[in-house]
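Trainee: Protein chains in written order, with the working numbering: chain A, 7 to 356; chain B, 7 to 356.
There could be a bad hint or two in this list.
For identical chains, the list gives no copy identity; a pair is met inside one copy or between any two copies.
As the list claims (entries may be wrong) - Each computed DMTMM-like pair below joins lysine to aspartate or glutamate, with the alpha-carbon atoms no more than 25 Å apart:
# : residue 1 : residue 2
1 : K210      : D136
2 : K224      : D136
3 : K210      : E187
Note that these hints are calculated values from the structure, not bench results.
Letter by letter, the chains look like this.
Protein chains: 2
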Amino acid sequence: MSATATPQRVPVPGHPEGCETPLTAQVGWQTPPGAFYTRSHFLPTPVLAAEGWQLSVEGAVERPLALTLDELRALPSHTVIATLECAGNNRTALDPPADGIQFRCGAVSTAEWRGVSLATVLHEAGLRSDAQEVLGEGTDRGHEKSLGREIPFERSLPLAKALDPDTLLAYEMNGQPLPDEHGFPARLIVPGWYGMASVKWLAKLQVLDRPYGGFFQKTKYIYEVPGQESTPVRTMRVKATFAQPADGDTVTAGAPITVRGYAWSGEGAVSRVAVSTDGGASWQDAELTAAPGQWAWCEWSLEWTPGAAGAATLLVRGTDAAGNVQPLDVPWNRLGYGNNGVQQITVNAR
Amino acid sequence: MSATATPQRVPVPGHPEGCETPLTAQVGWQTPPGAFYTRSHFLPTPVLAAEGWQLSVEGAVERPLALTLDELRALPSHTVIATLECAGNNRTALDPPADGIQFRCGAVSTAEWRGVSLATVLHEAGLRSDAQEVLGEGTDRGHEKSLGREIPFERSLPLAKALDPDTLLAYEMNGQPLPDEHGFPARLIVPGWYGMASVKWLAKLQVLDRPYGGFFQKTKYIYEVPGQESTPVRTMRVKATFAQPADGDTVTAGAPITVRGYAWSGEGAVSRVAVSTDGGASWQDAELTAAPGQWAWCEWSLEWTPGAAGAATLLVRGTDAAGNVQPLDVPWNRLGYGNNGVQQITVNAR
């Protein structure tokens, strides 16, 4: 591990539509520009021009709209620091293996997003009283084999989340226009929810008077466990993860080091992070820094002096203010979503 | 008619729970203090103390709240000028007569309301994703014969309306604390909807994960027409009404006068008011003043010179931006709600 390294985004082997960013070099709350993880549903990545782009707002509204980028930017802006995590992060830890992109633990990143509250635009359009959900349609589309036809990437939000002032139509990321791979010129940012909700390259908002039942909501992004009724993948489950040391690092027996990492939850502030340096036999509370915002990860750290030479297994486990605790046993589901089992690394002391 | 008169609130004979305010002396947009029409569902009027009052927020929320009046007043405030009309206004014009308080045309008034956006409090409590409606319960309660038990006055709002920034938890009316008869210490103000939605003496907000089906929503305040499916009473239908001259006034033949009144709609700005001074044979467009806000009535006026001596029948008819027009034939419904038939007065020229 090196103090001057910066986090790098690396492709997932065999899955060009996913790149993850190991946290081993992550310092501070912000994922450095160019390092934010990516996960697309259709390739190639849309490369859109600002000129000519329009966001249409239609469906159960009083006044359908078509907003240019300039018109969107002219509305009152709102900024949110949000951690996004892919619902498939830590999928590799599932046993038996689950279908999907085999992310290790790096499909999570944090940025400052600026845009317009989705609520502002929806109130501009005037929600009809029968409005129930808001469907966001991206420009990205492709052939879906199981359906035998082309579909866009699209996802709906219940009104309660769509009208949260922190749910954004974002056009800036860390003070710059969105990079192409993050949805230029505008995307949804749905803080607290797994990343798939934050539809990129947004083309259309359709207000629905009934629940949406499309592919990326009823066939994908569901917790599917044999013998149980499937439930939708939505809020990020509480998770604490290691930054340093990294799995497999060599440390010096008897020399104190700082064990540190990040923790987040879509269901409430992280209230506690406990670390075990003896494979789970005992646990110590880590120190927590204040998160830079309600929807962002916080940092945790613990001083630790490795004892005798040899391998040591470290575990970390987060708890959030809603009382959710990371499970010791990984909660398996067929599509491998929301795996927030306790994280584990092994280091070698010598 | 006198230039120095001010509008007075007068009881509806036989109905102590309703007082209306004829518009014949109304000038400007604001109904004078003490003259705003009243309609209660249970008597006596609750008289509550600020101290000890709490508004509980519960149900499908992350963080149930109990707000004191001071806590409510400490939240960011928002002000809305809103016209409220009783859903039973103009019930007397129905033929055959409909059950309910026999309001003539004075159950409509306008005030400036200050409070906190209901959305602010709901986001503070954190809406759960399954939130569908927000039920407001008043302190007013009483025995409902048809149910054989005591019930509170309570009404729900769909999320789309509950989260509109202009839907208020109001604690001030025209710059003063709410009068007792208007819901002290806090009430809902639901702009654009008939008055029953603006629950007074608010005690509890309950976020529901299913549609509400209580008495004041499914048995009362529905448009009930034999042979048709009943529909809920919600937005105020477009209506233009006379202020001066008043029905039965004497005017001077050959001497020009100003015919004037008020017009409003819960479904869009009033775009046109047409007046007939010959019993409907011909129509002239009235002049409109700008309304003091999106949710308030506007004033209309027309210069008119009464011709030959004798009775003259004047009609007025409003149109709103959504294209709704006041019907010439009164749309009858069993409970006599939403009567926005064209208004008519007769004056005697001599």
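Trainee: Run every hint past the structure and note whether it holds.
Mentor: Structure-based check of each hint:
In the homo-oligomer, the alpha carbons of K210 and D136 lie at most 25 Å apart both inside one protomer (19 Å) and across protomers (24 Å), since each shortest distance falls under that limit. In this assembly of identical chains, the alpha carbons of K224 and D136 lie at most 25 Å apart whether taken from the same copy (22 Å) or from different copies (16 Å). Only within a single protomer do K210 and E187 lie at most 25 Å apart by alpha-carbon distance; the minimum there is 18 Å, versus 46 Å between protomers.
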